[in-house]
Amino acid sequence: MSVKSQRGPVAEMPVRRFDPVALVDLVIILAVLVGVKQSVLSFSYLYAGPASTFSAMLVATLLLRRRGLGWKDLGLRWPENWWKTVGLTLFSMALFIAATQLMQLFADAFFEDVGTSGRFDHIEGNLAAYIGIMLLVWTHGSFFEELLFRAFVIDRTSKAFGGSGKAEIGAALFSSIFFGYRHYYYQGMHGALITGAGGFAFAMLYLWFGRKNIMPLIFAHGIFNSLGQTFRFLGIRD
Numbered sequence: 001m002s003v004k005s006q007r008g009p010v011a012e013m014p015v016r017r018f019d020p021v022a023l024v025d026l027v028i029i030l031a032v033l034v035g036v037k038q039s040v041l042s043f044s045y046l047y048a049g050p051a052s053t054f055s056a057m058l059v060a061t062l063l064l065r066r067r068g069l070g071w072k073d074l075g076l077r078w079p080e081n082w083w084k085t086v087g088l089t090l091f092s093m094a095l096f097i098a099a100t101q102l103m104q105l106f107a108d109a110f111f112e113d114v115g116t117s118g119r120f121d122h123i124e125g126n127l128a129a130y131i132g133i134m135l136l137v138w139t140h141g142s143f144f145e146e147l148l149f150r151a152f153v154i155d156r157t158s159k160a161f162g163g164s165g166k167a168e169i170g171a172a173l174f175s176s177i178f179f180g181y182r183h184y185y186y187q188g189m190h191g192a193l194i195t196g197a198g199g200f201a202f203a204m205l206y207l208w209f210g211r212k213n214i215m216p217l218i219f220a221h222g223i224f225n226s227l228g229q230t231f232r233f234l235g236i237r238d
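Numbering-wise, this note's numbering puts 161 at position 161 of the sequence shown, and it's gapless, one number per residue.
FYI, nobody ran anything at the bench for these hints, they're computed from the structure.
No farther apart than 35 angstroms at their CA atoms in a straight line, the calculated lysine-lysine pairs in the DSBU-like style are these:
#: 1; residue 1: K37; residue 2: K72
#: 2; residue 1: K212; residue 2: K72
#: 3; residue 1: K84; residue 2: K166
#: 4; residue 1: K166; residue 2: K37
#: 5; residue 1: K37; residue 2: K212
#: 6; residue 1: K212; residue 2: K84
#: 7; residue 1: K166; residue 2: K212
#: 8; residue 1: K84; residue 2: K72
#: 9; residue 1: K72; residue 2: K166
Beta-carbon label-pair distances, calculated as ranges:
#: 10; residue 1: F43; residue 2: I131; range: 19 to 25 angstroms
#: 11; residue 1: L62; residue 2: A109; range: 41 to 47 angstroms
#: 12; residue 1: Y181; residue 2: W138; range: 19 to 25 angstroms
#: 13; residue 1: Q38; residue 2: V114; range: 18 to 24 angstroms
In this text, a Cβ means the ideal position worked out from N, Cα and C, and glycines have one as well.
Work out the full structure, taking the sequences as your base and the hints as a guide.
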């Protein structure tokens, strides 16, 4: 008399696979960001970055729609609890400051601090220029950079390489290196390292938020940039 096992079929663990579609999306956006910026740099030092992010946002939106997704799926949601959002924004700012200050100790030892190479000098005392740059701060410099360099790049990179925990950490590191590289052309290696460190702090927060809430990072990024440009307008130096 045979005895049948009372156990059901063994559940198979899901196999995380390489996703070529996500990789193609990632390569397309990186190509747009680099290609447009390098093209515009030849005649506009100030607007090369914004031109590339505006272009990349259009392309990324189309790519997401082709996949049946939207920016909401990557964390762009109106806050349900404003007090919680304020708290997470302040926490994000504190972690950003800690990460950048630690990296500055290393950067100061090996590289010259060139600041912003005069890119924003025209803002000092110029109200029209200040208003214009603040419009860029709250589009290119907060919404677009966070949605592209945190949400899109991390999501596509992680999915391309299987979506495991290691893939997510690798995606966060990659997005931060690319974010630092994006600032090299006017901040030099010193600024690129510090910006990359801040980007990594934001990237890890994005993962900690479960990729479902990017608004605190957008607000934190916008506040930092707003303060920096306001100090320039008022002639306040470090």
